[in-house]
Each structure stands twice: as structure tokens, then as C-alpha cells.
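Protein chains: 2
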Amino acid sequence: MRRPTIKDVAERAKVSLKTVSRVINNEPSVMQATRARVLHAIDELDYEPDPSARSLRSATPYVIGLVYDNPNPYHIIGVQNGVLAACRETGFDLQIHPCDSSSPLLADELGEWARRSRLAGLVLTAPMSESTELVEALVARGVKLVRIIAATEDPKDGHPCVFVNDRDAAYEITEHLVQLGHQRIGFLWGGAAHRSSQERYQGYEDALKDYGITLDKHLVVPGDYTFDDGFRGARRLLALREPPTAIFGSNDEIAAGVLAAAKSAGVDVPFELSIAGFEDSPVSKQSWPALTTAKQATEEIARHAARLLASHLRQDAYDEHPLAMHNQGFVPQLVVRGSTAPLRARGGSGGGSESRVEQAKK
Amino acid sequence: MRRPTIKDVAERAKVSLKTVSRVINNEPSVMQATRARVLHAIDELDYEPDPSARSLRSATPYVIGLVYDNPNPYHIIGVQNGVLAACRETGFDLQIHPCDSSSPLLADELGEWARRSRLAGLVLTAPMSESTELVEALVARGVKLVRIIAATEDPKDGHPCVFVNDRDAAYEITEHLVQLGHQRIGFLWGGAAHRSSQERYQGYEDALKDYGITLDKHLVVPGDYTFDDGFRGARRLLALREPPTAIFGSNDEIAAGVLAAAKSAGVDVPFELSIAGFEDSPVSKQSWPALTTAKQATEEIARHAARLLASHLRQDAYDEHPLAMHNQGFVPQLVVRGSTAPLRARGGSGGGSESRVEQAKK
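Protein sequences, first through last, are from chains Y and D.
So in this note's numbering, the last one in the first sequence is 362, and the numbering has no gaps at all.
So in this note's numbering, the last one in the second sequence is 362, and the numbering has no gaps at all.
Don't read these hints as lab results, they were simulated from the structure.
Warning: the hint list may mix true and false statements.
Said to hold, decoys possible - DSS-like cross-link-like pairs, simulated, lysine-lysine; straight-line CA separation at most 27 Å: (1) K285(Y) with K295(D); (2) K263(D) with K295(Y); (3) K263(Y) with K295(Y); (4) K295(Y) with K285(D); (5) K144(Y) with K156(Y); (6) K263(Y) with K285(D); (7) K263(Y) with K263(D); (8) K285(D) with K285(Y); (9) K295(D) with K263(Y); (10) K285(Y) with K14(D).
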């Protein structure tokens, strides 16, 4: 019996010779399913690549790292799924590394991780991606990286990034509430360390200003990107002598917390209180009523970031998927659902609002 | 100026000599925060380990892999966080690999991944962990692994595992519903490929039998571990001529879907319909009313699995944390919340249930 050749492998796996060669050389730009099929064919045929190819086979693996510090499981999974999709396209594998964004030793920790695990590069999410100091410390350590950041435009600072225009989307949400007749609109912050949270606040402030509504600082509550902070913040707002008629939570988890607080206080949503979130996570669709929000294409954004990294790491990563590999901007889009409605005039001397106060104070 | 020694590093980093040596040799069983502190001290002092230590420094990194095929973000994040906690204890890094559990080439795919990325071992979650064929194919390829499985007892089949007794917990949930007076109890399956789903069904069936309640097959609906399948399944059950008075969803996402379906059909929870879930994920606490469920310590379970793997990979992994590294069982515990209540006698000729049917059929 003759020794099997690379051609036999290609025929059996129904792929091109080039693809078999790429798999043997452990190159990216082979889909993992195709890779598995080729390896299966190699196994079945007992094919032995020639020695020079074999030496290539033991080359450094292509692994990238994802760094996050975010309390929101749906957001993390969305980002992971996007990065993993790009990994599957290019043959990279993925390590994940949650971290404490406030650690003074973070650059050491991440640099050491990248060295120890021989990572080809990192995808940095916020707030790490938004620290110039950290980014420069990593670059100085020879770490290649791409950032996902909140910004109205490309910072053009020499480091690759994907930027999300949270400000304009938050403006649109606030405008939607104003156009429904709301004047007293509460705002619940996400983590202040995240620029997205600052940008969303800025969009809220800008919209109020443009519509001639004076900002009441009692309606603005600090907090983190969590359900619990949304719940707490809403209870505080609903207990005000003059509570807001609408609340804009900086993400969907916060807005879901607002919804629970409203229900627990006997406040009818949307007829006594309109609620809007941000991100269009599954939470926003699964709430009752479903939440008005800004659709942020989390998975697409993360996928583009990882593609950008792959194309910076290997010029040939996308030669079969010719895509413009440049910094790219995304603008989340307003999605109107059942949680927002026109302001209804309050009847009487505010008895309804008083009883709401009592319940919220419980 | 004299050359800095390993002792200087230890003093500056406030750790033992042994710890510095471990960091230099890239051994596990050093917490990542400690590791970072030591590396920072090495950097500041410009300390150069001697050449023999340096050669060790470039040893193979300690990386383990987590394999999953689960549609539930909260569950995945819980598992990841548990595995990552054990990684931080032992100095391992983590790669993640979502997969298609039904792929016939899965053993090739995972084996090739482990080889390519030089993984020390894998944590397999269900349903992959529950396929004897896959487990044996991986072991035959030299892959070290630990499994998280659903089982009432340790299978003692020679492969390390953590087992979760879903059956007894599901029995307890069903018993709770029966004791509230419910006789018509719907059951919504999670993915049939997951043994957990079969075990939960078995617990439901056993409890009904023990309480002398005849199982009505119309009350049992197949589906996956998702909100959408919970919603669809509940609408089907609520549209029955004689709908159930309680529904047991195989996880919290399913139960949240049931809750949304009930609300959309104008059915009051818990007074017209009791709902129970499984897992005690954040979803169960954030629903309104909050969901009765079985508290499954997802993070602890995954953490124990990763500790078990680490201790199999390196005998010294837990020499500073002496723990009994054996297969371990977990039993989820009943948590009663607002979504379940005593059965209320139906007034009149069933008009209420008819109007419910109309709305659900809409």
C-alpha cells in the first residue's frame, strides 16, 4: 500500500491542498470545523506530514486573551461570544482573565500573564481599555492589544480600537422620554470608572439642555452597572417629595432593578413611571413590560475588535475574508418597547404620589 | 552596588524565599496577586535569576480548558467564575471553548485543541461530561480531565468528577408544590441531552408517584434550558382545557419564561399559578414575584471541579491549602419565594380559566 499523501487528505476532507497545509502548519484562517475535519482525515489515513512540516506543527500556539472587569454576566457572555466568533474564523484560541481594574499592579499582572501564557495579543474591555496609563504600560512591555472603548469618535492615538458612541444613543433615549412629555427624568449611573457611564450621562445632560429642561441633581444617582444598584437608586428616587415620572438606567440590569423597585412600591409601569435601559440585553426583552433601550451590538462590537487584533497579529489572518481592518465606530440604536409611555396628567392633589412615597419608604 | 539577591526580592515583596522561587519557576500554588507583587519587586530591583532558574522560567505554562455547550449566560458565568477562583489559587490560566455537543468530531476537536494549546487538562461540563464515549475518546488521546455531572451518587468509573444530585432536589420542589395543594403540576424539560434535565424529570415523577398523583403527559413539555422555551411551553400549558395550577420549570430561565407567559395571559402569579425554577441564579431573585427554586451552588461546584483537576495535575497544587481532593457530591436546596402559594379553590364554573385560555391562545 502506498503512503498516503497530502492530496489524499484533501480529497477525504473535501478541502483544498492549501487548507490541509494550513492545518498542518497550525496557521489561523482555517475555521475550527474544517480544521477538525482535516485532522480527522489525517488520523483515518494515518498520514505523516514530512519532517519540515512537522517541525512547523509544533510552533507556538495562537492564543489571544480577553480582559474584563464587569459585573454583568449577559454583557461578558456577549463580549466573549463575539471574540470567540472571530477566534473560530482565524484559528486562534481564547484565554479569559477577569481582573480588578483598580489594582495598581494591573500592568504587571497582565504583562506577566501574556508572557507566561505566550499570548499573541489582548482584547481589553472597559474600564481597562480606557486607561491611557495602563495601555501604554502594556505596550511598553511589548504586549499587542486592541481596545473596546466608549467614545464619540476615533481617538486616533496610535492604538487600535473599536469605539461605541454611547453619548448620542443616550441623547436619543432622553429625547424619546422628553418627547413623551416627561420633564422630571431620573438618571442612574453605571460604574463611574467606565467611560461609557460618563458618556451616557453626558448624552442625558445634553438632551435636557437642548430641550430647555433644568437638570435637578436630586434626580441623578451614582451606582454600578447592576440590578441591585438600579433597585436601590429607584427606591431613593421614588421616595423623593417630587419623584421623577421617568427613569433612565445606564444599562438594562439597572433598568430591570428600577422595574422591580417600582413593582415593589406599587407603581404602575409605564403609566405612572416610564423606564428606559441601555444595551438591549436579553434582560430587556424578558422583563414585563419589556424595556425601552438602546440596541448595542455587543457581540458584533467584540467580534470586530478581535478581528482587528487578529489582522494586526497576522497579515494573512483575513486573506480569505477580505475585510477592511480598521478602527470602527458603532452607535447603539433606540428600541422603543412597553416600559415607556406618554406622561399622564396627575389627578387631584398628588395623593397617588404620596401613597407611592409611603410604599417606597417601607 | 551589589547585585540583588532572591532574598532582597522576598523582603521587598514581603513573601517567603520559597514563594519567590515558585514564581520564578512559574509553578502553581502562588496566588496571582502574590505573583504580581513578586514580579513587581523583581522588576524594581532589576533582579536576574541565575541561569538554571531562568531556563525553568520558560517552562510550559499551566493552562487548563473549560468546555461548555449551554445556552444560559448566568450558568456559564457561574461555572467560569468557580473555575477561575481555583485557577487563581493554583496559578493556572484558563482557556474557554464553547462547542457543539452533538458534533460527531468533538473528540478530535477537543483533543486537537488540548494539543495545540498545550493544555494541562480540561473541565468538562454537561452534556459533554455525561458522554462516556467522548470521555473515553479523550482519555485515549491522553487528555486529562474532570467532569461536572448530574448523578445521585458517585459513578466510581475511574474518571474524576463532581456530581450534583438534581433528582432529590427536583423531588423536593415537586413535594413543596404538592404540599401547597397542587395536583396538576406542569413540567418543562431543559435540554434532553443534559442528564440534569432527565434527573429533574425523574425527581418530579417520583414525587408525584409517592403522593399518589397520576402523571398527566399533557402537562409535560419538551424544550431547552431557555427563557423562550419556558415562555412557549407555558403558553401551551395555559391553553389546555384544564390548565395546571403550578408549573415546575427545569431551570430559572425557563421559570422566568413561564412567568412572562403568565403575565402576558393575565394570569396572576402566585394566586392563579404557582411557578418554581431550579438553580437559584440571579434571574430567580430579580423576577417579580421572586422565584421559588433549588439553590445549586454553581460556582462552588465548578470551583471544586477545577481544584480536583489541579490536584490531579500537580500533587503539590494544594500543599498550601490542604483539602481532601476527592470526588464530591452536591445537593441543591429548596428555596421558597413569592412565586409559589397554596392552591386556591376556583370559584364558579371555570369562567376564569376559560378567559385565561382565550388570552393564551391569542
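Cross-check of the supplied hints:
no.: 1; hint: K285(Y) with K295(D); result: 25 Å, holds
no.: 2; hint: K263(D) with K295(Y); result: 25 Å, holds
no.: 3; hint: K263(Y) with K295(Y); result: 25 Å, holds
no.: 4; hint: K295(Y) with K285(D); result: 25 Å, holds
no.: 5; hint: K144(Y) with K156(Y); result: 17 Å, holds
no.: 6; hint: K263(Y) with K285(D); result: 14 Å, holds
no.: 7; hint: K263(Y) with K263(D); result: 13 Å, holds
no.: 8; hint: K285(D) with K285(Y); result: 17 Å, holds
no.: 9; hint: K295(D) with K263(Y); result: 25 Å, holds
no.: 10; hint: K285(Y) with K14(D); result: 51 Å, violated
Comparing the model with each earlier hint shows a violation of hint 10 alone; every other hint is respected.
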